[in-house]
Structure formats: structure tokens, C-alpha cells
Amino acid sequence: MDFDLENPLGNFHDLPCDAVPSLFLIESDHIPPPNYCQSLKASDFDISVRRDVVSLISQLSCTFDPVLPYLAINYLDRFLANQGILQPKPWANKLLAVSCFSLAAKMLKTEYSATDVQVLMNHGDGGAIFETQTIQRMEGIVLGALQWRMRSITPFSFIPFFVNLFRLKDPALRQVLKDRASEIILKSQREIKVLEFKPSTVAASALLYASHELFPFQYPCFLRAISDCSYINKETVVQCYNVIQDIAREEYESVLNINSTSDTPVNVLDEHFLSLESEKTNGTNVVVTQEQDFKRRKTTDYGNNRRVPFSHFHQC
Amino acid sequence: MWNEESDWIGSFDALLARLAECSMCSRRSGERPGAAQMDVKILDVAAEGGYGRVFRCLDVHTGALVAMKQITMVRLSQGIPAQIIREVSLLRELHHANIVKLLRVGFTENRYVNLVFEHLDYDLHQFIVNRGYPKDATTVKSFMFQILSAVAYCHSRKVLHRDLKPSNVLINHSKRLIKLADFGLAREFADDFLYTEKLGTSWYRAPEILCHSRQYSTQVDLWSVGCIFAEMVIGQPLFQVINCRDELEGIFKLLGTPTEETWPGITKLMPNLHIYCSKFDPLGLETFVTDLEPSGLNLLSMMLCLDPSKRISAEASLKHAYFTDVNWI
Numbered sequence: 001m002d003f004d005l006e007n008p009l010g011n012f013h014d015l016p017c018d019a020v021p022s023l024f025l026i027e028s029d030h031i032p033p034p035n036y037c038q039s040l041k042a043s044d045f046d047i048s049v050r051r052d053v054v055s056l057i058s059q060l061s062c063t064f065d066p067v068l069p070y071l072a073i074n075y076l077d078r079f080l081a082n083q084g085i086l087q088p089k090p091w092a093n094k095l096l097a098v099s100c101f102s103l104a105a106k107m108l109k110t111e112y113s114a115t116d117v118q119v120l121m122n123h124g125d126g127g128a129i130f131e132t133q134t135i136q137r138m139e140g141i142v143l144g145a146l147q148w149r150m151r152s153i154t155p156f157s158f159i160p161f162f163v164n165l166f167r168l169k170d171p172a173l174r175q176v177l178k179d180r181a182s183e184i185i186l187k188s189q190r191e192i193k194v195l196e197f198k199p200s201t202v203a204a205s206a207l208l209y210a211s212h213e214l215f216p217f218q219y220p221c222f223l224r225a226i227s228d229c230s231y232i233n234k235e236t237v238v239q240c241y242n243v244i245q246d247i248a249r250e251e252y253e254s255v256l257n258i259n260s261t262s263d264t265p266v267n268v269l270d271e272h273f274l275s276l277e278s279e280k281t282n283g284t285n286v287v288v289t290q291e292q293d294f295k296r297r298k299t300t301d302y303g304n305n306r307r308v309p310f311s312h313f314h315q316c
Numbered sequence: 001m002w003n004e005e006s007d008w009i010g011s012f013d014a015l016l017a018r019l020a021e022c023s024m025c026s027r028r029s030g031e032r033p034g035a036a037q038m039d040v041k042i043l044d045v046a047a048e049g050g051y052g053r054v055f056r057c058l059d060v061h062t063g064a065l066v067a068m069k070q071i072t073m074v075r076l077s078q079g080i081p082a083q084i085i086r087e088v089s090l091l092r093e094l095h096h097a098n099i100v101k102l103l104r105v106g107f108t109e110n111r112y113v114n115l116v117f118e119h120l121d122y123d124l125h126q127f128i129v130n131r132g133y134p135k136d137a138t139t140v141k142s143f144m145f146q147i148l149s150a151v152a153y154c155h156s157r158k159v160l161h162r163d164l165k166p167s168n169v170l171i172n173h174s175k176r177l178i179k180l181a182d183f184g185l186a187r188e189f190a191d192d193f194l195y196t197e198k199l200g201t202s203w204y205r206a207p208e209i210l211c212h213s214r215q216y217s218t219q220v221d222l223w224s225v226g227c228i229f230a231e232m233v234i235g236q237p238l239f240q241v242i243n244c245r246d247e248l249e250g251i252f253k254l255l256g257t258p259t260e261e262t263w264p265g266i267t268k269l270m271p272n273l274h275i276y277c278s279k280f281d282p283l284g285l286e287t288f289v290t291d292l293e294p295s296g297l298n299l300l301s302m303m304l305c306l307d308p309s310k311r312i313s314a315e316a317s318l319k320h321a322y323f324t325d326v327n328w329i
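Line by line, the protein sequences are chains P and U.
Under full-length UniProt numbering, the first sequence has 144 at position 144, and the numbering climbs by one with no breaks.
Under full-length UniProt numbering, the second sequence has 273 at position 273, and the numbering climbs by one with no breaks.
Next up, chain P with everything else stripped away, as it sits in the complex:
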């Protein structure tokens, strides 16, 4: 028995037609139930615990293919949805992180060094070293909670399908688009808001956002291709797109804030603009706000409107 977890739809053209709907039909089986997202929101503590474990998994996976941490975090969410949030013991969070990471690595046939894992997990902590047997027991518990259904359908599974719809002919451009979409998918998984959407919706939204960034002139054609796909609910994609846009923007603004505290000189044109603004108002915060507004305009070409209005694009 053999299969490719990362690309169940690999070689899309070779698959029988009925393979596509089967993926869309079963993807909901591999995500946490809807009330999981709501129960997380209801408790700041639960959110912080999840964030801690997600952070640990990210540390363990930083040198691997993005599918690996995504799969591990999917296991985490499904486990927490089934078992509830653990008690606030740091070692339990670490054990859970290691177990989810290990299981994902096994599903993806990824080799890793158990020694490196132990060193990383014990850094800055005088706590216990996890023996193989301990991890094995925890793996067994996670497997049981997930009913051994470890072949999660992730957004990555749908990327080749949607990219085929875009009809980009240049392989290099397709790869750039896939890479950026994968990066967006991985970052967005950290936010619980994205957990409300199905993997195919997340994939479609991430690809649209990436195509808008990278190929703005072709974006309307891509949007039409996604809208015409009978397996996709357009309204849900719009909602998910907005969530992803917010996440990506927050990422951009956090980078901007770092820059604003550096000694990098503002160029003459920008300096002039800012000095004009400062004549009207007083206070550092206002200046920072103005700078953000300025950057935002350059990024989106839509002024202060934080939403990309779909209706503004001409259908191709």
C-alpha cells in the first residue's frame, strides 16, 4: 500500500475524475469539530496553552517541509478537541508537542534525530528527559484519541488542483505561487480564526492572496477560476480570504513596527510627507499611524480599505 500524503491529488491529470470530489467530501473528517474553535475563544488560558504547544512544534519542525508542522498542529487541535486542554504542566505540553511532531514525521516518512529533539526540549528547563517509552505511550494516546486517522487532508493537498485551474504555464511561476501560498497557509494555522474553515477553502484563499501579491494583473482570472469551481463556496472563500489578509497584514505591520524603531533614515520624499503631517498634529503615535497608512496605500493601492472588494475586478 502506498500513497503520497502531501499530494493525494498528485499527477492530477492522471487521476480518474471521481477522485476530486472524494477529497472535497472527506476533508471535513480531518479537522477539529466546529465547537473546538468556539471553546478555545471562550478561554484565554486555553488559547495560550495551544499557542505554547504550537510554538514548541514550530521549533521542532523549523528545518522541515511545511507540511510536517502543519500536520503536527492538526493532530494537536484534533487531540485537544477530543481530550480537552491539559493541566498547566510545562512537561505535559512538551510531551504532547514531541508526540504530535513524531507522529507527523512518521506519516511523512521524514527522518529526524531523537537526540536533537531531546536537546531542544530540555533547553532552559531542568525537567525530565523524555524516554522513548514515554513518547511511545503518549503517541499511543494521541493515536487513540484521533482513532488512528492520521492521514489528514490539509490545505497543501488541494494546492496542485487549484493551481491547475489557474493555467499558469511557466513552471517557475507556478512554483513561486505554490511556495508563497504554502507560507501563508502555515502562518495562518497559528490563528484560531482559520480553524473554522475547511482545508480546501484555506487553500483557495491562500492561493488567491498569493496571486494578488505576485500576479496582480492576472488576479481577476484566478478569482474567476476559483469562483467557477463547483466544489468551492465563494462566500466562504471571501470570509477566509479576509481572515488570511488580516493575518498577513498583521505580519507586515509587525515588521514595519520593528523598522520604525530602527535608525534607518527615511528617504527625502517620505520625510517631507511626514513633516507636513506633523505640522497638523502633535505626538509620536500619530506619526507612526500616518506612516502605517502610507505603507498600506503602497501595498494595496486601495487606500484605507482593508478588504479587497471582489466586485471591483472585471471578470475575464
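None of these hints come from the bench; they were simulated from the model.
Keep in mind that a hint or two might mislead.
As the list claims (entries may be wrong) - Over 10 Å on every C-beta distance to chain P, these chain U residues come out as not near it, computed from the model:
| no. | residue |
| --- | --- |
| 1 | R53 |
| 2 | R86 |
| 3 | V129 |
| 4 | Q146 |
| 5 | I171 |
| 6 | N172 |
| 7 | L177 |
| 8 | L248 |
Stated by the list, open to error - Here are the computed distance ranges between Cβ atoms for each label pair:
| no. | chain 1 | residue 1 | chain 2 | residue 2 | range |
| --- | --- | --- | --- | --- | --- |
| 9 | U | R56 | P | K234 | 32 to 42 Å |
| 10 | U | E261 | P | S230 | 38 to 48 Å |
| 11 | P | S28 | U | A97 | 18 to 28 Å |
| 12 | P | S113 | U | A321 | 51 to 61 Å |
| 13 | P | Q59 | U | Y276 | 51 to 61 Å |
| 14 | U | N298 | P | T63 | 24 to 34 Å |
| 15 | P | L25 | U | L177 | 53 to 63 Å |
| 16 | P | I26 | U | K319 | 21 to 31 Å |
| 17 | P | S113 | U | H212 | 29 to 39 Å |
| 18 | P | S230 | U | R245 | 47 to 57 Å |
| 19 | P | D246 | U | N298 | 58 to 68 Å |
| 20 | P | L25 | U | K101 | 12 to 22 Å |
| 21 | U | T72 | P | I26 | 51 to 61 Å |
Each residue gets a CB set at the ideal place from its N, CA and C atoms; glycine is no exception.
Starting from the known structure of chain P, arrange chain U on it as the hints suggest.
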């Protein structure tokens, strides 16, 4: 120090005990690991292999007959073996009337994974050997349709079986219902790579596997189904009938030694082909598979096609004229 460590271990075990309560991996403290934790009563040992054992059991809840496959875990330095996790994970995704159902999974620490399957009366190998092969064309056609339905379903999910043979085709006697089984679980788990390379004496293996190609895909299963098809018609393995040194020579005798015309890429795959065997002219399927209607023979020839890229798919097979005869449905 002693007290601190003791407290940690105590809370750790308590946590694990609480978390361990779940339907698929139920385990209660103090209970002896084995059949009891799987809610089955062992009746007898049905089979033994390198992987472990198969027990015939009774489900204590339903009273139904079930089969429990106990897989011995190896290479424990990395915890639960990846191969077992992958195989079970796949089985959990396969829901089809013609695929044997995995009912429960249990995990005995440091030793076994227990898989509980629905039980069927016998396999196709036993059916052919002990009861005489299905003499009537209707049964052959019905069995073939069910096998192909299961294979098409697996392939639509990018799942290959890779080891289809009569002993992996289970039969429910009263309903004449077919279910595929043993999706790789019969393999040695110690080293998947070795299995991939190993040349077993199997009459159902596709030529591209026998040629040591690493690029095989869904077509390997269709070759195996073709061999099963022929065996149901003639009552014994097809390549056992042909006088040959090994399976590959038998294939070439039957269908003719391949050339770049009949199998593009064969000279790269088998550079020493001319040394390996003489140039055979095809004996032809019709020489050995008599008593099969023309459309059946046509379908069989499309399954037992040397060139994998020209071999018929499971989905296309189901639409073949052989199955459009309304009488057998």
C-alpha cells in the same frame, strides 16, 4: 529529590490513565493486555506469519465472529513504527462494501498492535482449491466486478494494494460477497525497503515490479487482478500452467519477449534482456484461458498487458463490455 521525582511520576501516570479512556484505544489499568482489552474472546489461531498472528474471535458485545490480527512491533527505538501507523491510518480511510472493515485498533505497549476486522468465511484461494473453481460464468463475472470496484475505489484515493492475490480476496459464503484484505499488513515491518526489493515466488506480480522498476503505480494492481481473473477461469495459477524458469520468463513466453515497440523503455529497464532470456513469440492468452467468452478474453488481455502505460485501469474495466451483460446483475 526523591519525593519530587515520585510526585512527578505519579501525576504523569495519573494524566496518562485519564487520557487513555477512549473508544478506539480503550485500556483500563490493571487489566491484562491482550484480547480482553479489545473486547473479544479468542477462539483459535487462524494463521501465523512473520508479522504476528491472526486469531478467530467472538466480539463480546455483538457476539459476531471477528478476526484479530496481532502485529508484533519491531524497531522500537523510534516508538510506534511508522509503517504500522501509516497502514492503519490508511485502513481507517477505506470505507467500501468490497473492502474488509477495520473495526477496532488496540495498542499493547512495547509489544503488539491489535487490529480487529470483520470475519469472512474463506478466501478465494481456498474457494478455488477446496470447492473447485467457480465453474459458472456468472460467479466469475460477479467476483471480478466486486474486485474491480474495490480496486477502483482504492486507486481513486491514491492507495495501491501491491499484493493482490486469491488469498487476499475474502468471500462471504451466503451472500457471495467479495472483500479485499491485507493491505500490506502481511509484510515484514522490520524493513519496508527490503520488501520492496525482495523477489517472492508470486504468480501475481506485475512485470514492471519483476524488472525492479521503482516507478510502478496503480497498474501493478490491474496485472494482479488479471492473474486472479485467469485463475478463476482455469482453476489454477496462470503462470503455474506455463512451463517456465520463473515468473518473468513465463510472462514473456505467454505474451512475447518485449521490444521497444511493445514496451517503450524496456531496454533501459532491462539492459540485459537479450541475455536474460531468448526471444519468445507469444503463445497467446487464448492458448491457456479457454472457456472464457470473447469479451472476457478481451478484458483479460487488456489487464495482462506488458506495457503498464497501456494497461486498462480499474475504472475503465468496470465499463468494459464484459460487464454490460444484464443477465448477471
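How the hints compare with the structure:
At roughly 20 Å, the least C-beta separation between U/R53 and chain P is larger than 10 Å, which holds for a residue marked as non-interface. The non-interface label for U/R86 is inconsistent with chain P: the shortest C-beta to C-beta separation is roughly 6 Å, within 10 Å. The claim that U/V129 is not at the interface with chain P holds, since no C-beta of that chain comes within 10 Å of its own (minimum 26 Å). With a least CB separation of 18 Å from chain P, U/Q146 remains clear of the 10 Å interface cut-off, as annotated.
No beta-carbon of chain P comes within 10 Å of the beta-carbon of U/I171; the shortest separation is about 21 Å. U/N172, annotated as away from the interface, keeps every beta carbon of chain P farther than 10 Å; the closest lies near 23 Å. Every CB of chain P is more than 10 Å from the CB of U/L177 (nearest about 22 Å), matching its label as outside the interface. Its beta-carbon lying about 22 Å from the closest one in chain P, U/L248 satisfies the requirement of being farther than 10 Å from that chain.
One distance hint, 32 to 42 Å for the beta-carbon pair U/R56 and P/K234, is violated here, with the actual separation near 54 Å. For the pair U/E261 and P/S230, the beta carbons lie near 42 Å from each other, so the given range of 38 to 48 Å is met. Between P/S28 and U/A97 the beta carbons are some 22 Å apart, a value that agrees with the proposed interval 18 to 28 Å. At about 57 Å, the CB distance of P/S113 to U/A321 agrees with the hint of 51 to 61 Å.
Between P/Q59 and U/Y276, the C-beta spacing of about 53 Å keeps the proposed range 51 to 61 Å intact. Judged by the Cβ atoms, the range 24 to 34 Å given for U/N298 and P/T63 is violated: they are separated by roughly 54 Å. Separated by about 25 Å at the C-beta atoms, P/L25 and U/L177 break the suggested range of 53 to 63 Å. The hinted window of 21 to 31 Å between P/I26 and U/K319 holds, with their beta carbons roughly 24 Å apart.
Between P/S113 and U/H212, the C-beta spacing of about 32 Å keeps the proposed range 29 to 39 Å intact. Between P/S230 and U/R245 the C-beta distance comes to about 54 Å, which sits within the given range of 47 to 57 Å. With their beta carbons about 60 Å apart, P/D246 and U/N298 fall inside the hinted range of 58 to 68 Å. In this structure the hint that P/L25 and U/K101 lie 12 to 22 Å apart at CB holds, the actual value being about 19 Å.
The given range of 51 to 61 Å is broken by U/T72 and P/I26, whose C-beta atoms sit roughly 31 Å from each other.
Checked against the numbered hints given earlier, this structure breaks hints 2, 9, 14, 15, 21; the rest are met.
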